[in-house]
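**Student:** The residues making up each chain are set out below.
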Amino acid sequence: MIKVENLSKKYGDFTALRDVSFELGEGEVVGLLGPNGAGKTTLLRILVSYLKPSDGKVEIGGMNTQKPILEQKIKSMIGYLPEQAPLYEDMLVREYLEFIGNMQGIGEDAIDSRVDEVIKKCGLKDKENAELTTLSKGYRQRVGIAQALIHNPKIVILDEPTTGLDPNQRIEIRDLIKEIGKDRTVILSSHILSEVQSTCSRVIIINHGKIVADGTPETLEQTGRGNSFIKIEVREIADGLVEKLRGIEGVVEAKASGHDIDIEVRKENDIRSQVAEAVVGSGAGLLLLERKQTSLEDIFIELTNKENE
Amino acid sequence: MNRVITLAKKELNSYFNVPLGYVVAGVFLIASGYLFTQSFFLYSQATMRPFFSMMPLVLLFILPAVTMSSWAEEKKSGTAEVLLTLPVENIQAVLGKFLSAFAFLVILLVFTFPIPLMIINLGVPDRGMMLAGYIGTLFLGAAYIAIGLWISSITKNQIIAFLAALIVILAFYLAGSSLILDTMPSQVAAIGKDLSLATHFDSMLRGVLALKDIVYYVSMVLLFLFLNARAVGERNWK
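Going down the list, the protein sequences come from chains A and B.
Residues 1 to 309 (the numbering used here) are what the first sequence spells out, left to right.
Residues 310 to 547 (the numbering used here) are what the second sequence spells out, left to right.
It is worth saying that the hints were derived from the structure and are not from the lab.
What the simulated footprint calls covered on chain B by chain A, stretch by stretch (three residues with Cβ under 8 Å from a Cβ of chain A suffice, anywhere in the stretch; the number is not a length):
{"hint": "1", "stretch": "311-319"}
{"hint": "2", "stretch": "323-333"}
{"hint": "3", "stretch": "374-388"}
{"hint": "4", "stretch": "395-404"}
Chain A regions said to be covered by chain B (calculated; three or more residues, Cβ under 8 Å):
{"hint": "5", "stretch": "39-50"}
{"hint": "6", "stretch": "91-101"}
Under the rule of at most 25 Å between Cα atoms (straight-line distance), these lysine-lysine pairs were calculated in the BS3-like manner:
{"hint": "7", "chain 1": "A", "residue 1": "Lys154", "chain 2": "A", "residue 2": "Lys120"}
{"hint": "8", "chain 1": "A", "residue 1": "Lys3", "chain 2": "A", "residue 2": "Lys52"}
{"hint": "9", "chain 1": "A", "residue 1": "Lys244", "chain 2": "A", "residue 2": "Lys255"}
{"hint": "10", "chain 1": "A", "residue 1": "Lys3", "chain 2": "A", "residue 2": "Lys210"}
{"hint": "11", "chain 1": "A", "residue 1": "Lys52", "chain 2": "A", "residue 2": "Lys154"}
{"hint": "12", "chain 1": "A", "residue 1": "Lys137", "chain 2": "A", "residue 2": "Lys178"}
{"hint": "13", "chain 1": "A", "residue 1": "Lys137", "chain 2": "B", "residue 2": "Lys384"}
{"hint": "14", "chain 1": "A", "residue 1": "Lys267", "chain 2": "A", "residue 2": "Lys292"}
{"hint": "15", "chain 1": "A", "residue 1": "Lys10", "chain 2": "A", "residue 2": "Lys57"}
{"hint": "16", "chain 1": "A", "residue 1": "Lys137", "chain 2": "A", "residue 2": "Lys120"}
{"hint": "17", "chain 1": "B", "residue 1": "Lys318", "chain 2": "A", "residue 2": "Lys73"}
{"hint": "18", "chain 1": "A", "residue 1": "Lys57", "chain 2": "A", "residue 2": "Lys73"}
{"hint": "19", "chain 1": "A", "residue 1": "Lys120", "chain 2": "A", "residue 2": "Lys182"}
{"hint": "20", "chain 1": "A", "residue 1": "Lys178", "chain 2": "A", "residue 2": "Lys154"}
{"hint": "21", "chain 1": "B", "residue 1": "Lys384", "chain 2": "A", "residue 2": "Lys52"}
{"hint": "22", "chain 1": "B", "residue 1": "Lys318", "chain 2": "B", "residue 2": "Lys384"}
{"hint": "23", "chain 1": "A", "residue 1": "Lys127", "chain 2": "B", "residue 2": "Lys318"}
{"hint": "24", "chain 1": "A", "residue 1": "Lys178", "chain 2": "A", "residue 2": "Lys127"}
{"hint": "25", "chain 1": "A", "residue 1": "Lys121", "chain 2": "A", "residue 2": "Lys182"}
{"hint": "26", "chain 1": "B", "residue 1": "Lys465", "chain 2": "A", "residue 2": "Lys52"}
{"hint": "27", "chain 1": "A", "residue 1": "Lys182", "chain 2": "A", "residue 2": "Lys125"}
{"hint": "28", "chain 1": "A", "residue 1": "Lys3", "chain 2": "A", "residue 2": "Lys178"}
{"hint": "29", "chain 1": "B", "residue 1": "Lys465", "chain 2": "B", "residue 2": "Lys384"}
{"hint": "30", "chain 1": "A", "residue 1": "Lys52", "chain 2": "A", "residue 2": "Lys210"}
{"hint": "31", "chain 1": "B", "residue 1": "Lys385", "chain 2": "B", "residue 2": "Lys465"}
{"hint": "32", "chain 1": "B", "residue 1": "Lys465", "chain 2": "A", "residue 2": "Lys137"}
{"hint": "33", "chain 1": "B", "residue 1": "Lys385", "chain 2": "A", "residue 2": "Lys52"}
{"hint": "34", "chain 1": "B", "residue 1": "Lys384", "chain 2": "A", "residue 2": "Lys10"}
{"hint": "35", "chain 1": "B", "residue 1": "Lys385", "chain 2": "A", "residue 2": "Lys137"}
{"hint": "36", "chain 1": "B", "residue 1": "Lys502", "chain 2": "B", "residue 2": "Lys521"}
{"hint": "37", "chain 1": "A", "residue 1": "Lys210", "chain 2": "A", "residue 2": "Lys57"}
{"hint": "38", "chain 1": "A", "residue 1": "Lys10", "chain 2": "B", "residue 2": "Lys385"}
{"hint": "39", "chain 1": "B", "residue 1": "Lys465", "chain 2": "A", "residue 2": "Lys10"}
Each residue gets a CB set at the ideal place from its N, CA and C atoms; glycine is no exception.
Only chain B is shown next, with the shape it has when bound in the complex (with noise of 0.2 Å):
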């Protein structure tokens, strides 16, 4: 456990020796900041649900970014034939490398705290719903990150890692929209909406922590973090 914590932290910090940690932290303060002040101003509504919801898009961008070059990079480099012989696990190196991308997002989110300390200093906001709606966020994230993470780890070009991940996490996203459920028979649909990473943060964000969608985000994370390990394991990034 010593050692995935070591790797967290080296990973965290470089985030910030290199510039990219710093433009992508950018963006998401400067995207998630512009496009809630427009809804908030436009329904002078005391919520943050309007920050919230824009966050599968928001993250949509900024976490693949963060996740394209954490394998990507290691193997290109050939630094990972630097960490793979040092004593961990493919499962230690993996859960590292998600410990830290984690951590760069829970730092962004901190960076968005003075929006509901504004909305509590202008109003009265139902505070519960917030937590939920930061708390779904975390989970949402954190699936993002483990199938960003996943790919980054089949390829050695970072762009490619940004994309693939963009369009893997995009598709499992749609999976619940009804512009595509609407088109597919009521069982697939069914399965669609079940496997969506939407329809479980919209039900975290009416305010309800289920755990059958707790569980539906640990499960995600879970399952990319050990395809993750397998494709490590398998080293065949010739």
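So here's chain A without its partners, still in its complex pose (with noise of 0.2 Å):
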């Protein structure tokens, strides 16, 4: 459906963009992952024929961007909620999704219906009639979100769909974006992790401008290269149990605070039954054991901060 390829952009000296290559299928929800100015805004700007690139190719439904003659056919296929959701503030909700919809070239048979429409799926009926500049950030993001869906677009871009909402908004307009994909192939950005582990089938992370990890959320924690971590918590430390602990093989190092320990273990080891035993065996009362996953946070936080250095 998407298809990108050596895309790169320069704004001047600045390189946003270096070499992002990436495939999408009919139907998948991916997220972009990035820490903020990694060049998300950027490359979702130039998929929806926003900015040109500098270099490299775009193919939308294996159409070239390029190419002026396809521009909009090719603009038609996509629905785009641009950051921060920009609205015409003094327009009505119900007026400015149909000005939307004509634009889209919905005609004047359809229009009231497909608005009714994206005005129930957004949970907008409410506020159907209110002035734009009245609504509140969430309302706001829902109308950017409808008016993408106006015209029932094959691909669905999101930059940065649920930033500034409290948690009960996020988690609405997070099942939203489930619901729409269902059907469609859904582009979102985030710099939150979570938001994209519930949502998307797939994350491109990216920072400086370049991709540096491309997978599904369960492939990307196993190939995270961080070390894993054991936690304990014992009644009292008895003498000699760190020591003991830092023999185990795999462990790479342990150190104790107040009731805890934390033991740092290369990634592979599953050492959990042996530290139990070291514990129940010095007599330190064991209380709690648990292993900390590398979260995609982790991965997230270590490529991104690998870049930096």
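Mind assembling these two chains? They're in different frames, but the hints should get you there.
**Tutor:** Right, here's the structure in full:
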């Protein structure tokens, strides 16, 4: 559905994207992840033909976005919510959606039912006749998503759809995105991991304009190169326990603080049972033992920090 | 073309959704009405000539206020990104905005119709001259609007858009005034005169709709709409 080849974008001396390539199939829900300023918005703006790439090629539904003759056709395949959900503040919700629908080529005969449909889908029924300038951030995002869906596009691109929302609104928007993703290709950008983890079937992490990871949330977790951690809590730290733990094969470091001991373990090693034996054997009284999974969060931090160094 | 009309309608509505549209219309009607009645009752002539000869000056303040927000505000609030990712070409978006501002000007001029109606009732004016005056004002206004829109597309700040449009239009207007031309060598003066918005308007006011004046205004409008579409296409308004 979307094919990006060796895409680069320069603003003067600053390189916002370098040599980005990926391919998205129909119906994929993809999270574009990266710290602020990584190039997410630039990439999305190129996909929607708002910006032109400096180098490389983008194909939407097999059509090259660089060909001026195809531009309008490509644009009408995509629904787009820009960052911050900009809206024409002086309009009413319904009026705005009708305007966007007409601009998308929906005729007068069909516009009412289309507007009703997206209003229902995005939970805007109560606000249908409200002025856009009076809406809260959560409703603004919904109007932005509704306008992206008005022409029933095959591809929906959402730039930071949940930024600035409270936790409840975030869950609502997340559910809405899941719903949207059932029958179309969705790309959403975010710098919040849990968001992407819960909505996306695939994650692309970019940093400094380059793709640093690409895969399902699960495979990304497995490819994390960091060490894993075991946390134990004991009734009382017995003499020599920490040293004993350090002696177990695979342990990189063990640190005690109060009743807790944090053990850093080289990946691949599952030494929980050895640790438990050691603790019980020393008579310390084991209260808790848990392995902290390397989360997507750790991988994200690791990948994006490494680039900074 | 449908999209151009849809956009133009929405833009025209938005002039009346915010107080600015009413303020601009009010200022226009008060200023033009006041300035007209002053000279009208002084000279007691059944003519609209004094009314139209003030138009370049009145519109110099009015039309930049109409066009100042058209692109600057879209860029500032980010809606330009919504508009330009819809299936419209840059030139279509520019045309839509031009048509809406032009329609606003037409509405303003319709509200001045009591003036010719009054004159027709009071005396025997030259109706052809009146019509020529309105047509000339539309051509002049179209050029002002095209310049104003272009300036609005190269800044994010409405106030700058207003002032810069005022200065550029004034420069084009004064290019034909004898005050400036008399200080120039004759070849330069001739070019200045041909390029001036004033020269061509004055000849229309005399009731002559000459092809060269129409060609002049149409090319001015096309030139600035083209520059506008190019500025919008470059998107370098970070």
